[in-house]
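**Student:** Residues per chain, in single letters:
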Amino acid sequence: MSVQASVQSAADDRLMPEKEPAILAEELTKRYGRLLAVDRISFQVNEGEIFGFLGPNGSGKTSTIRMLVGLTQPSQGRASVLGYDLSSGISQARRHIGMVPDQSNLYDELSATDNLLFMARLYGLPRQEQKSRADRLLKDFGLYERKDDLFGNFSRGMKRALTIAAALIHKPRLLFLDEPTTGLDAAAARSLRSLISGLRKKGLTIFLTTHYLAEADLLCDRIAILVRGRIVRIDTPEALKRLVQEQSVIEFSFRGDLSSSIRVLQGRLARSRAALLDRNRIRIYGGDPPDIFDSVFQFSRDIGIGIESVSTLLPSLEDAFLKITGQPPQAVMAEKDHGRNGVGRSSSGGRSGGRSNGGGR
Amino acid sequence: MMWRDEMRGIYEIALKDMRTYYLKPPAISWGMVFPLAWTLAFYLRNPGDFAELVPGLLAMTIVFSTTAAEAVVINFELRLGTLERLLLAPISMTGVLLGKVMGGFLFGLIMTAIVAAGAILALGLRPDILSLTIISLLSLLVFSSMGALFSVSVREVFEAQTLLNLPRFLMVFLCGVVYPVSALPDGLQLLSRLLPLTYTVQGLKASFFQGAEPSMMRDLAALSLFLILFLLPAVSLLQRRFR
Chain A
1 MSVQASVQSA ADDRLMPEKE PAILAEELTK RYGRLLAVDR ISFQVNEGEI FGFLGPNGSG
61 KTSTIRMLVG LTQPSQGRAS VLGYDLSSGI SQARRHIGMV PDQSNLYDEL SATDNLLFMA
121 RLYGLPRQEQ KSRADRLLKD FGLYERKDDL FGNFSRGMKR ALTIAAALIH KPRLLFLDEP
181 TTGLDAAAAR SLRSLISGLR KKGLTIFLTT HYLAEADLLC DRIAILVRGR IVRIDTPEAL
241 KRLVQEQSVI EFSFRGDLSS SIRVLQGRLA RSRAALLDRN RIRIYGGDPP DIFDSVFQFS
301 RDIGIGIESV STLLPSLEDA FLKITGQPPQ AVMAEKDHGR NGVGRSSSGG RSGGRSNGGG
361 R
Chain B
1001 MMWRDEMRGI YEIALKDMRT YYLKPPAISW GMVFPLAWTL AFYLRNPGDF AELVPGLLAM
1061 TIVFSTTAAE AVVINFELRL GTLERLLLAP ISMTGVLLGK VMGGFLFGLI MTAIVAAGAI
1121 LALGLRPDIL SLTIISLLSL LVFSSMGALF SVSVREVFEA QTLLNLPRFL MVFLCGVVYP
1181 VSALPDGLQL LSRLLPLTYT VQGLKASFFQ GAEPSMMRDL AALSLFLILF LLPAVSLLQR
1241 RFR
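Here the protein sequences come in this chain order: A and B. In terms of my numbering, the first sequence opens at residue 1 and continues consecutively. In terms of my numbering, the second sequence opens at residue 1001 and continues consecutively.
Bear in mind the hints are in silico, worked out from the structure with no lab data behind them. Among the hints, a few may not be true.
[To be verified] Calculated pairs, DSS-like style, for lysine-lysine (alpha carbon to alpha carbon, straight line, at most 27 Å):
id, chain 1, residue 1, chain 2, residue 2
1, A, Lys131, B, Lys1024
2, A, Lys201, A, Lys131
3, A, Lys147, B, Lys1024
[To be verified] Derived CB-CB ranges, DEER-like:
id, chain 1, residue 1, chain 2, residue 2, range
4, A, Asp108, B, Trp1003, 26 to 34 Å
5, A, Leu243, B, Arg1155, 42 to 50 Å
6, B, Met1002, A, Glu20, 17 to 25 Å
7, A, Ser155, B, Gly1187, 22 to 30 Å
8, A, Gly58, B, Arg1155, 16 to 24 Å
9, A, Ala270, B, Arg1155, 51 to 59 Å
10, A, Glu27, B, Arg1155, 47 to 55 Å
11, A, Glu27, B, Trp1003, 28 to 36 Å
12, A, Asp149, B, Arg1155, 52 to 60 Å
13, A, Glu27, B, Ile1228, 36 to 44 Å
14, A, Glu20, B, Ile1228, 39 to 47 Å
Every residue gets a Cβ at the ideal spot worked out from N, C-alpha and C, and that includes glycine.
Please model the complete structure; the sequences and the hints are all you need to start from.
**Tutor:** Below is the structure:
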């Protein structure tokens, strides 16, 4: 997929003062009854960057997006989007915002073309531009051959692509992507990542929420890590990874289920931390490698489960996530990961020597 | 500029709903076939002058056609998230709801116009066209708004459909559609005054059999009041969903 001319610069009708951040949030808070979903978060998104919001389910990612696009009101705090204050100018800001929610939400009963044309008319695109713009997007997203097919008959990946196309129909300057690759198979997810990367190259500012650490690593210029409604860290992926660069990371694959014995192993590792990646794999952070090998081999003999493979790894964003949040990478993947995406798994597998998965950037 | 966005949004939403939901066999069946069948059944049970049943037939068509797909266009879209997509466009929540109301209004208008034209031509009736048009248009708006209010009051499509049946059928029996209100017991007559269809039936009867007359102003005023009573809480309830 190529994006080509789809995301033309909207510089002609830019209304906001120059150098204004695309998003500025100050002490933004959202409560649903007694539940504190977003807890006084402050951050800034610069024009032209892909800003990642990374966190486990329920950490407040979607609530934050919903506040920023005006679908729900903040309980406290303030924010501006493209220079428009959320409390007073959200209607104007919406002319320049595109949003792709975590579920594809176009009309099953309409064809791909008709869905895009409806959106074009809703946003007041000039009549003579509507058809050409829709066709352009359909071609760029590889859907032109299926343009007359009903949205309801599309595959999940095609629905996702058309939903993104619909969010771009009015040439927004800021695109919100909420879990764009969740539920997609590896090929479709890779294709979408490539597309997102292409959008950034065209100058679009992108606010991306994801629970795929490797996806954030691949796509984002900066990442905010969100835990229980609070931002615990904002930095570039590289800077986040530097936090764990000095420590050793060793991954062991076992021939059996370790989930009930991981605490035993943790008790034997004095200066290291063990995290269970799945039932058969553990990753050990920090400590002295010879001591770790001794302890783990002894542990293997004691519990009667053989070791299948051992690898030493370069620190990844997952490792940084573990260090910053104290939560294993699985915490961020829980629930939504249907194991089909292709990013989470390949990245936690043999990454020795660097990134193993293809994609966007 | 803002009002143009609003007007365009309302128009496009109404048109899309017409195409996506209303001009389909289930809505047409609910909106036109059902009132016709109901009226014919009543006529066959008590044969008389069919012309006398025409205002009631039109009133039923107005009620059932405007509310035929309201539960789907609002509750179903809320569930699928497509309503959120509309709310992301540069249009207010009131505008989105009015678009939904106008979809029901337009479909009701088509159904009512077909039934009215058919009845007038077939029976050789000579109604006062201006008063018939005014009372019909206002009633279409009122009942489409009523459908919207009931739909945003609940979360599920089936809840909205079930909930809507209560006022719809209650009104058919109490508002003079088939039985004259004057033939009802005092208590039910009082209740019928609290139901909007009573004023629609009165206005339609006047436009068919008496011509424009001052009492119609009372019916129009009552219907206008119902329109406000349905529309304002509907907007407020929808806004509450997104607070």
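**Student:** The structure should be examined with respect to each hint, and the outcome stated for every one.
**Tutor:** Structure-based check of all given hints:
no., hint, result
1, A:Lys131 - B:Lys1024, "holds, 26 Å"
2, A:Lys201 - A:Lys131, "holds, 25 Å"
3, A:Lys147 - B:Lys1024, "holds, 23 Å"
4, A:Asp108 - B:Trp1003: 26 to 34 Å, "holds, 32 Å"
5, A:Leu243 - B:Arg1155: 42 to 50 Å, "holds, 45 Å"
6, B:Met1002 - A:Glu20: 17 to 25 Å, "holds, 22 Å"
7, A:Ser155 - B:Gly1187: 22 to 30 Å, "violated, 60 Å"
8, A:Gly58 - B:Arg1155: 16 to 24 Å, "holds, 21 Å"
9, A:Ala270 - B:Arg1155: 51 to 59 Å, "holds, 54 Å"
10, A:Glu27 - B:Arg1155: 47 to 55 Å, "violated, 32 Å"
11, A:Glu27 - B:Trp1003: 28 to 36 Å, "holds, 34 Å"
12, A:Asp149 - B:Arg1155: 52 to 60 Å, "violated, 31 Å"
13, A:Glu27 - B:Ile1228: 36 to 44 Å, "holds, 39 Å"
14, A:Glu20 - B:Ile1228: 39 to 47 Å, "holds, 41 Å"
Hint check: violations occur at hints 7, 10 and 12; the rest are consistent with the structure.
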